[in-house]
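A.B. asks: Residue numbers (the numbering used here): 674 to 983.
Just so you know, these hints were derived from the structure itself, not from any lab.
Be aware that a few hints might be false.
[What the hints assert, rightly or not] Restraint-style ranges between C-beta atoms, simulated for each label pair:
1) Lys781 x Glu862: 43 to 51 Å
2) Asn966 x His886: 44 to 52 Å
3) Ser766 x Met705: 36 to 44 Å
4) Lys878 x Gln848: 26 to 34 Å
5) Ala855 x Asp714: 26 to 34 Å
6) Leu801 x Phe702: 53 to 61 Å
7) Pro972 x Glu808: 37 to 45 Å
[As the list claims (entries may be wrong)] With a Cα cut of at most 25 Å, we get these calculated DSS-like pairs of lysine-lysine:
8) Lys810 x Lys797
9) Lys940 x Lys881
10) Lys727 x Lys980
11) Lys940 x Lys844
12) Lys940 x Lys842
Just so it is clear, CB atoms sit at the ideal spot from N, CA and C, and this is done for glycine as well.
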Amino acid sequence: MRINNILVVSPMFKELQTIIQKEKLKKNFRFMAEEEFTQEDLVWADALVAFNLKSNIDYHHVQWVHSLGAGVDRFLFKKDWDESVLLTRTICSFGQRIAEYCLSYILKDLQFHDPFEELKQQKKWYPLTPKLLNEQKVMIYGTGEIGQTVAKVFANFGVEVYGVSLSGKEKEFFQEVMTVKAHYDRLSEMDYLINTLPLTELTEKLFKENIFHRLSEAGFINVGRGASLDENALLDALDHHYLRFAVLDVFTEEPLPEDHPLWAHPKVLITPHISAVTTPAEGAQCFLETLRNIEEGKPLHNKVNVKKGY
674 MRINNILVVS PMFKELQTII QKEKLKKNFR FMAEEEFTQE DLVWADALVA
724 FNLKSNIDYH HVQWVHSLGA GVDRFLFKKD WDESVLLTRT ICSFGQRIAE
774 YCLSYILKDL QFHDPFEELK QQKKWYPLTP KLLNEQKVMI YGTGEIGQTV
824 AKVFANFGVE VYGVSLSGKE KEFFQEVMTV KAHYDRLSEM DYLINTLPLT
874 ELTEKLFKEN IFHRLSEAGF INVGRGASLD ENALLDALDH HYLRFAVLDV
924 FTEEPLPEDH PLWAHPKVLI TPHISAVTTP AEGAQCFLET LRNIEEGKPL
974 HNKVNVKKGY
């Protein structure tokens, strides 16, 4: 594959330009914002580096598309993809960032931060004994690079970690990995559920009544994709105490509309898709490494299986 003309389209294109141009590559680059690029730019390009694709653009002209994010559903989900076009994704500190994000909210729960804040407001001295991490069971949906890192962090604290994947293949740091169909009987044991799955047709609206109604006041954290969650089913599960709380970082519609009922629910914590942010430095580093591997004919550990969607 010969890559000469590279189009970089991103909200952080200026930062990426500064970093990439320091490498003094013998390539032709165009850096621009998402709203600026056109079909003409894409016809010029051999490769596209971006977070998103415009629906009205024909992408078959390029040889390679590199996603600046970990997920590629914006490129593949319910879209036709020319399999002659290579698709790669960014792999960097996402797993560690997501692990620390999830850990922070589980510790917040175990250490009774909210009850103690309420007691403070009431000026009441009422001791509660914090719970220990090594007494908890956590189910992680998705056992890829991100899910494995989350499992490693939690397992190192003595948490009993279980995994759910499409294949059910055993992975390090998990007590057991199950398929979606085989995991339902274990749900009543779980203290927390964490979703890290990519969005595919198999994972769309995965989290609904048939999962939530098997729980016993568990906590739910979604750092995968918003469309994997049935939001109405979540609200019902919270109201009927199948779930004790939910931490949501991703949503079907982003930004979350101001009139959405999730904003007002007292058991829902909302963050604006920040659990795994691509920094300019990490985004540029992964792109440059992938470019070198392509040109040197080396294996691509971040190549996307476009049929599977991840």
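A.B. asks: All hints are to be evaluated individually against the structure, with a verdict given for each.
C.D. replies: So, going through the hints one by one against the coordinates:
1. Lys781 x Glu862: 43 to 51 Å: Violated, since Lys781 and Glu862 (Cβ atoms, about 22 Å apart) do not stay within the stated range.
2. Asn966 x His886: 44 to 52 Å: Given a distance of about 46 Å, which is inside 44 to 52 Å, the answer is holds.
3. Ser766 x Met705: 36 to 44 Å: violated (26 Å)
4. Lys878 x Gln848: 26 to 34 Å: holds (27 Å)
5. Ala855 x Asp714: 26 to 34 Å: With a Cβ separation near 47 Å, Ala855 and Asp714 fall outside 26 to 34 Å, so the hint is violated.
6. Leu801 x Phe702: 53 to 61 Å: holds (57 Å)
7. Pro972 x Glu808: 37 to 45 Å: holds (41 Å)
8. Lys810 x Lys797: Violated, at about 32 Å.
9. Lys940 x Lys881: Within the cut-off at roughly 17 Å; holds.
10. Lys727 x Lys980: Cα-Cα ~21 Å, so holds.
11. Lys940 x Lys844: violated (32 Å)
12. Lys940 x Lys842: It is violated: about 34 Å lies between the C-alpha atoms, which goes past 25 Å.
Going through the hint list in order, the structure does not satisfy hints 1, 3, 5, 8, 11 and 12.
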